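Participant: Based on the sequences and whatever the hints tell you, model everything.
Residue numbers (the numbering used here), protein chains in the order written: chain L, 622 to 922; chain Y, 622 to 922.
Honestly, the hints are just simulated from the structure, not real lab data.
The structure displayed is predicted, hence computed values, not measured ones.
Please note that the accuracy of each hint is not assured.
Identical copies go unnamed one by one, so any copy, or any two together, can satisfy a pair.
Said to hold, decoys possible - Below, computed lysine to any residue pairings styled on SDA-like, alpha-carbon distance capped at 25 angstroms:
(1) K647 to L657
(2) K782 to P644
(3) K629 to T672
(4) K647 to G830
(5) K782 to A642
(6) K629 to A794
(7) K629 to P815
2 protein chains.
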Amino acid sequence: MPDFNESKLTDEVIASFQATADPRLKYLMTELVRSLHDYVRRTDLTFEEWTQAIDVLTRTGQTCTPTRQEFILLSDVLGVSMLVDAINHREREGSTETTVLGPFYVGEHKPLPSGADISEGIDGEPLFVSCRLTDLSGAPLQGARVDVWHADDDGFYDSQKSDYATSGPSLRARFAPDAEGRVFFRTILPCSYPIPTDGPVGDLIRASGRHPMRPAHIHFLVDAPGFDPLITHVFIDGDEYLHSDVVFGVKPELIARVERRTDGVMPDGKPIDRPWHLMTYDFRLRPGSKDAPRPMMAAAE
Amino acid sequence: MPDFNESKLTDEVIASFQATADPRLKYLMTELVRSLHDYVRRTDLTFEEWTQAIDVLTRTGQTCTPTRQEFILLSDVLGVSMLVDAINHREREGSTETTVLGPFYVGEHKPLPSGADISEGIDGEPLFVSCRLTDLSGAPLQGARVDVWHADDDGFYDSQKSDYATSGPSLRARFAPDAEGRVFFRTILPCSYPIPTDGPVGDLIRASGRHPMRPAHIHFLVDAPGFDPLITHVFIDGDEYLHSDVVFGVKPELIARVERRTDGVMPDGKPIDRPWHLMTYDFRLRPGSKDAPRPMMAAAE
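Facilitator: Here it is, written out as structure tokens:
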């Protein structure tokens, strides 16, 4: 006769997963049971706390929509997303640091010619972004593409706006580098912004006395045949939230110095009649491993 | 400058909860971060697996409705619910074993007189249930109430049926014991039944090679002034799933021998013209602690 009491329960639950066909799933479930039970025992979790946890998890799931993923946000503010990123990129070999894809990548971007302005019709301080894409030896990448996306001057991505379906993408595009591996484009200077705080994750952030801010950044997704895809952010130096990014995405190497310029000509020779900013950042990709994770494919589904 | 790399990340995330006003929440979040990060590191969790986990959690939340709680079900099949029950009832002092409330308690039940038949209009083998409610010394409880509820002959609770809103409760009621602490009622013999398997928890159960069955049982919630409320199941001896309850609810002391009887008179003197079953079970409550958990209040909200 079974006796699912406190001391035997964990073993009984683990044994119930004995017949799991997929050995990896069996391992993951076994360790999950161990971790969850350890947590409950260690914290002497009360019924009320368990009930609250059930409620938070339920509301987190029910806050998700086709354009909002509250569980990814929860994973982000608990540092789990960046940890998964870190342990899957232990072998960098000198390639650029990675970050998570984030919830605002929307899949394939519209190709634009180098030099294009992705901020058309949007107010903000002009920014000229100049990048070079190379392999680990510094040789230009052939056949590469770069997806870029960032928030506007108010901290919102296009996909967060109610008119996104009709007005289409802005502050996002895909570029192809030239033979030297160079890509440049015009946009506006992004600003720091809060994660969405009107759901359960916002409640947690407030209850914890944390601020909800992310330092200003531009997302980059670089892909080239034969190389591991690179997913990262480039952060703007001097941002007040670089030290306390609510989703723990900052790495020193990913902070770009952004120069304020007053000369009347941009790096591609075109004139400009007001002050502007210059961001320069180079990306190094490492040769592709056949089994390399391609996280954006999964996350973008 | 922060560096949220693999080795420092956990400390950075824990530090972010430093300003949490409620010390218990701060402790629970700190330990949660530790547990989650340990799990990710220990299992070398891949991006694909993390993405699948996000998807399962999201669908679990979205499967919840006012009459279905898929996250409680997930907690149940991982043994977490019974573990929370166990650690909150370490000091039994001879009182009856507890179990979880389960998802089919619907709040206050309709009071019926002792001896009533709660299975009116429902097919099944007749069952006469006879209980005694006492304190730890065996003295009858004064002013007690007993809520009972169970599944029908097909394994469904009334609240799972589409016509529940109009046809009202069946196989559930509230009774008050007599001066001797005795309660008896008529019903039908419950059968073993599967938990709902059309959601994410069902997918997990199938992928794990587990069956979805619960052994036949009747739920009891006993409450009396001055005593800790008792939430438990009484299981029917001989059920083939007693050894492998999918939610780990069985404790040997909670298994009642159910006698098959052919005499034409039930214990309260009323005649019966076909074979019937007799379940006898006595409940012992312990004096109430002021801070005792009253889980049904929270769970029934």
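Participant: For every hint, state whether the structure bears it out.
Facilitator: Okay, the hints, checked on the actual structure:
1. K647 to L657: For K647 and L657, both the intra-copy (15 angstroms) and inter-copy (18 angstroms) Cα distances are at most 25 angstroms.
2. K782 to P644: neither (43 angstroms within a copy, 38 angstroms between copies)
3. K629 to T672: Only inside one copy: K629 and T672 sit 23 angstroms apart there, 32 angstroms across copies, limit 25 angstroms.
4. K647 to G830: between (38 angstroms within a copy, 10 angstroms between copies)
5. K782 to A642: So K782 and A642 fail the 25 angstroms test inside a copy (44 angstroms) and across (34 angstroms) alike.
6. K629 to A794: neither (56 angstroms within a copy, 34 angstroms between copies)
7. K629 to P815: between (45 angstroms within a copy, 24 angstroms between copies)
The earlier numbered hints that this structure contradicts are 2, 5 and 6.
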